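Knowing the structure of chain A, use the given hints to seat chains B, C and D on it.
Number of protein chains: 4
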Amino acid sequence: MLFERIESRGLAHYSYLIGELNAAVVIDPRRDCQEYMERAAAEGMRITDILETHRHEDFAVGSVELSSRTGAAIWHADSALDYRYGRPVEDGQSWKVGRLALEALHTPGHTPGSMSYLLRDAAGAPWMVFTGDALFSGDVGRVDLLGMDRAEEMAGMLYHSIFRRLLPLGDGVLVCPAHGSGSVCGTSIADRPWTTLGMERMHNPRLQVMSGEEFASLVAVELERPPYFRRMEALNIQGAPLSAIPLPPPLSPKEFAREARDAVVVDTRMEIGYGAAHVPSSQFIWHDGLASFAGWLLPYDRPLLLVSETNNPEQAVRTLLRLGYDDFAGFLAGSMLSWHMAGLESASIQTITVQELCRRLAAKAQAWILDVRAGEELARAGRIEGAVHIHVTRIPERMQEVPKDRRIYIFCGSGMRSMVAASWLKGRGWKDLVVVLGGLAGWKSLTCPIVQQG
Amino acid sequence: MLFERIESRGLAHYSYLIGELNAAVVIDPRRDCQEYMERAAAEGMRITDILETHRHEDFAVGSVELSSRTGAAIWHADSALDYRYGRPVEDGQSWKVGRLALEALHTPGHTPGSMSYLLRDAAGAPWMVFTGDALFSGDVGRVDLLGMDRAEEMAGMLYHSIFRRLLPLGDGVLVCPAHGSGSVCGTSIADRPWTTLGMERMHNPRLQVMSGEEFASLVAVELERPPYFRRMEALNIQGAPLSAIPLPPPLSPKEFAREARDAVVVDTRMEIGYGAAHVPSSQFIWHDGLASFAGWLLPYDRPLLLVSETNNPEQAVRTLLRLGYDDFAGFLAGSMLSWHMAGLESASIQTITVQELCRRLAAKAQAWILDVRAGEELARAGRIEGAVHIHVTRIPERMQEVPKDRRIYIFCGSGMRSMVAASWLKGRGWKDLVVVLGGLAGWKSLTCPIVQQG
Amino acid sequence: MLFERIESRGLAHYSYLIGELNAAVVIDPRRDCQEYMERAAAEGMRITDILETHRHEDFAVGSVELSSRTGAAIWHADSALDYRYGRPVEDGQSWKVGRLALEALHTPGHTPGSMSYLLRDAAGAPWMVFTGDALFSGDVGRVDLLGMDRAEEMAGMLYHSIFRRLLPLGDGVLVCPAHGSGSVCGTSIADRPWTTLGMERMHNPRLQVMSGEEFASLVAVELERPPYFRRMEALNIQGAPLSAIPLPPPLSPKEFAREARDAVVVDTRMEIGYGAAHVPSSQFIWHDGLASFAGWLLPYDRPLLLVSETNNPEQAVRTLLRLGYDDFAGFLAGSMLSWHMAGLESASIQTITVQELCRRLAAKAQAWILDVRAGEELARAGRIEGAVHIHVTRIPERMQEVPKDRRIYIFCGSGMRSMVAASWLKGRGWKDLVVVLGGLAGWKSLTCPIVQQG
Amino acid sequence: MLFERIESRGLAHYSYLIGELNAAVVIDPRRDCQEYMERAAAEGMRITDILETHRHEDFAVGSVELSSRTGAAIWHADSALDYRYGRPVEDGQSWKVGRLALEALHTPGHTPGSMSYLLRDAAGAPWMVFTGDALFSGDVGRVDLLGMDRAEEMAGMLYHSIFRRLLPLGDGVLVCPAHGSGSVCGTSIADRPWTTLGMERMHNPRLQVMSGEEFASLVAVELERPPYFRRMEALNIQGAPLSAIPLPPPLSPKEFAREARDAVVVDTRMEIGYGAAHVPSSQFIWHDGLASFAGWLLPYDRPLLLVSETNNPEQAVRTLLRLGYDDFAGFLAGSMLSWHMAGLESASIQTITVQELCRRLAAKAQAWILDVRAGEELARAGRIEGAVHIHVTRIPERMQEVPKDRRIYIFCGSGMRSMVAASWLKGRGWKDLVVVLGGLAGWKSLTCPIVQQG
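Keeping their order, the protein sequence lines are chains A, B, C and D. Letter 136 of the first sequence, counting from 1, is numbered 146 in this note's numbering, and no numbers are missing. Letter 287 of the second sequence, counting from 1, is numbered 297 in this note's numbering, and no numbers are missing. Letter 135 of the third sequence, counting from 1, is numbered 145 in this note's numbering, and no numbers are missing. Letter 134 of the fourth sequence, counting from 1, is numbered 144 in this note's numbering, and no numbers are missing.
Since the hints were made in silico from the structure, they are not lab data. Given the structure is predicted, the values throughout are model-derived calculations rather than measurements. Heads up, none of these hints are tricks.
Copies of one chain are not kept apart here, so a pair can be met inside one copy or by any two copies together.
DSBU-like, lysine-lysine: derived pairs with alpha carbons at most 30 Å apart:
no.	residue 1	residue 2
1	Lys414	Lys454
2	Lys441	Lys414
3	Lys454	Lys374
4	Lys374	Lys441
5	Lys454	Lys264
6	Lys264	Lys106
7	Lys106	Lys454
8	Lys374	Lys414
9	Lys264	Lys441
So that you can see chain A by itself, here it is in the shape it has in the complex (with noise of 0.2 Å):
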């Protein structure tokens, strides 16, 4: 029997593959999808179905592109939207994969249409769940998608497929979502890459309610919606083929300027290398935080070019992909050693470490210190004194509130958030911001003064 999880990190999307005997079904597959076949082929499996789970927003679905390349049939969940392809599928529709048994329990309340795909063993006794964003470990599905005047709606319909559905299926079954700890699917997934029915029931925090109203009480309620998670609701609606994996060309220092003139330059090394020297009105985005940044501030009508560390920008390319991203004009040979050694200048961003921010603040105490990090990181790890909050994927509409004309302290958990946010706002004509290193987490490790959150 093949059972395989095929993480994408950084989404922390889980896809699944699932073959036993001749053949083999995969759930919610991203769209580079060569794994998913190569891994069959080496058991002799041949991918036969798709399923969806619903339709995903938060990421390019693959089924279009594995289906044209395997012939495997596809099946969407959310059959009520107007889909180019694939087909629908059924409430208790059931798939056989060799001995074993896939069965569609519809489970909505994310959407109105998701589906949980219960995986019965060669016995026929019920083994694991497929939930996609309906239950997750230590979370449940956002309820919001329809807007907040369905929210209530939709976390009784959430409600009345956990509790009714799902977990009358057993504590012993496992739960495999369609996302793990750190997608911008749920606020607080948490770090536990397997769990069960049983584990869920008793300390998913979501779960711990009396009643419906309580359950809505606590999960209808309004979440970040990335401005990409439209385009992405549209894409997968659409379908998303995709000929190779692009390969972006490296470009000179002079090409790459040139080609800047109309794209979008990202950088994606670490956060002190950038704040030290880069290309000019690039964006910052650290490597790892491409899948849940990118979304938010990259735009899709322009081409992107690429700053790395490295000659290799596979990884940023397959990330960006996931994400819909398709039109690559370049990446920097190179990378800044190179931009310097053609004599182009390189702008750069103040950093100081926690150490030296809590001497100035002992020594000062009218820093304007920018605290970018998530509200519940707040409420949790405590802030600094005076801090202005603005979460790092709110920037882009609320920076006016950010002054102009005084130093900035830019502040967030490590360091890569705020090096985010202050290369949007140099972007936007800001000049004094000094990105603080290490972030609360060094912060904390001080003696330095933190406020609870009152």
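Chains B, C and D only, in chain A's frame:
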């Protein structure tokens, strides 16, 4: 958080790497241990402890090797034994792994000192239990290792371990055993690579009992005991260091023939290639069968020579290393093609298809058929009328039951084990041997007669 | 500086990647062209130009594919042909590659428009010459492609190209041809993977001549012309794009048998496995022989089905793609083991060792022996008395010379080509075929009689 | 035939693997020798002999390690030395490699007992010559290793070796030296990775001489001699076995800081990241500069700690192993991000772009500029008016020439070596250091003034 199950295929041995923040722990490592180190290092985690669930009898544990390369502490179960390395574990002992914790549970039965390790998540909830050979997916550990006279006593302990210590942890706890389907450590481990206490409580056939007595009557049975078990037991007390993975030298046919005078030749190709032509006196064990059959058929006191399809014996060497074989004299460069091109004589064993056997049997009932499948397979799947049954692993001791003066048709599930048996017999003087390709699987797909065991 | 020779084994095709500073050029690329792109990108070099030495007849050139993925310009030799893509090269034309330069030299003879490319180092000194099929290590290009009536004329051109244009560049210049030892493009390319004009001037047997006439008398000979050459010629005019490397689906034995009705089955295992058991009507061409024999024996107008030892046909697919085969219906999952386990009938071809043949011949002289080696091998290495000689590539057209009513012993250098021939004959009704394992190599190592060609 | 040049980048060390039929030979292996073994085994070739061209002074030769794993015989040049292993080579001695032959030519000059090895093809023709450090592409070996008082004598030997023994082999013979461009073993090895005796005869600047005297006057010069040469010389007499490639443990920032008290911290990131923030007292040597500068700056008697961009120090470890560094205490898990997040203080070194320096110089001429390029670079490419020149490798011994009481601008070709020098000075008390990013390359692309050496 890092959680990796590292599987040694063939042995169906599962080891585990669990890490959080800066620390990692390995449970029941194999000897070729580079992989644990590389994966932990990639996450920035240092391996601090190595936990053994029991003194393994079916493979050489890699604790000494891994410890010598990482400085990690080794913790022994079965601590009454006179280990030359490491420290004893006590019931209830615990280890921190970042914010997670592991806790030792004494779960005797398979061995007197078997330990399970309970992993608690960052909130302290029981999450996974590493059960060694106490509890498998669909099976429990064997209890006959101390002899059949103590088997009931051990079964009683195992009952207590499972029903009083493991199952009460809760249905939702994941079960992580030391072996999966295909291991010699259980008679019928299920092909269900992930499982939970709930799954086992409800669906493990050994656990559907009313009492300890009923349990004992089910499990206190004598199982096969490969001769190499004693060697592994001794080696695992001693420690089995490994300076580097040996890379056997390629040998020309003439060098190979010369070395073969003192060494044992193992041919790991497929059954039909071996049948058609092989180095005289070589023992056939196909590559994927090495883990199961080498310990029955290959001596430890003579060097091994390898024949494989390609010039890359690495995977075969790794499997044999895991079984404690360390002395490799070389491999046949260019395989049988070079052998024949050197003008050296090869031997062969006749093969026929199931259709042909079926035709011959229909024409004339008196074929002498040797069925080398395991007893439970005959019981489950039926047999050919009149066939004599000796399990392939018993051939060395029971071969005298096979007549030398007539044609012997050898039969198994697929043809592979038949060729193993034929190869053994041929090396000891039997002449007229015919291996049936396709075995019972092929037989059943035709309309040839099968007798259900009566 | 980047200089890579990318070899396609089997075809013994050499392509070249040359880069300096930010730019790179590829000479005679193959269709599966990811490797050029990755290596150049890793050095930060952009592929700007693709140079062809001539219109290739023995493989599908990858210029269109590589150009479509990099934007590189394609430059054609043999520019009189009516290409559907690219631009013509002119004698003397030059390209910059960083500080290096490439310069076109018209070197006709193999084809009328063959070009060589001289690489000059940064100081302008002649350094390497890319000779395509004009000059090989130990051989020169064939001149019979336009027909034997023009062969002398072409030989004259080739003499001029080599003696007047190439050799005068100086003994110290490295020679980089389009093929190495084993290619069908030369009859006797030396196994000397790096060479120089000096080496060739002094040691290439074709160049040890006193005059153009003597040269022509040596080289204006008719050579084998695989039927697929015409197809490659057409394809290389047309362009052979390739959206992605096809990954043929794994098929169960029953699916495979069904597809086999309309497809051609190619078995790429070794000769002894094939001899012992194979899918009826399959054509044997061992994996490393595909590049040499597929073009003679496999049609282009039917899908191909593959049988190999493992579930990984990728390398076979790549080789066939390079020969212009694009239609793969699948591969047999689980190889012959699964075939037999499905109860399907297999066929076999008898094999014997050279010793056995030797014994039989000693006992009785009248065996009918078919020797399928190339003519020059017989001349060089001798032959068995009384054997009938038909080169394996001529079997399709001359098979009627082989009697159907008696036992045929088939003989070659090693047994591999014998099995290719046996497989072809068996598929067309011959019944009593015996392949001699080890072939002449084995034969010579014994004391069996060899007749030197007289 | 197998011919592989195995290159150790950075060291620009070339070793060679030559095989034919069943045998293979390695010339000048490196310590991490798995690659030779794997490549030979894949071709079915056994490594029978290891040939050294001379007692290497710039890296630790892997002969003992390779011999211990393959049983191959070791053959020493410079056989007057008191080796603890292997056997001496004599002039004219020869070895068979299948049908090929290698033949020793005594070619003293770089060392008294240097040997070249001539490879003859199967027909006996001279084909390649492995020249060690006698003759390079565009350069010849240094002759000052025994001291300048013997340099002329050695130059005389080298003249004879090259002009009387090597060049007469013929222009068409390929030259395979022990080093390529970038090695410290030649002052100006050309970036021409393949060459011939003809190329060298005509284009090597050292060989364009009328007499031995003229040659001696060109080459009998004193070159830099890194302090680690003595250690390599001793190690290569002793033998440098290596049980396994060490894998340094990941250390948390606190563990790292603790270990750093006794160890030397090497930071292998890029110059701008290091400049912005680094572990205090760490020495900067960027990854690709390790081979060139570690031997000058890192001690052998203290453990090393590594900082790199990722959690994978393997390549840095390999390079350092090749230089004889064996003691690695660990690497900083999570790199500088984790350092800052642990609240540990980091240090920084200021950087400016060439534009900025240019502007400052234009405004005020009195900047103190330290140029750390090699002398020949200044001669070739010019310098900044008024800059003080000390080659980076001389900084340890000449640092007192740099004032401590004023701002020092450090300048090189690109900024990398400037940071190496800055890092050294900072660790010894200099405070006001400014590294110029882009170096001379950037400088020249602007219109900033350059003085040609006068």
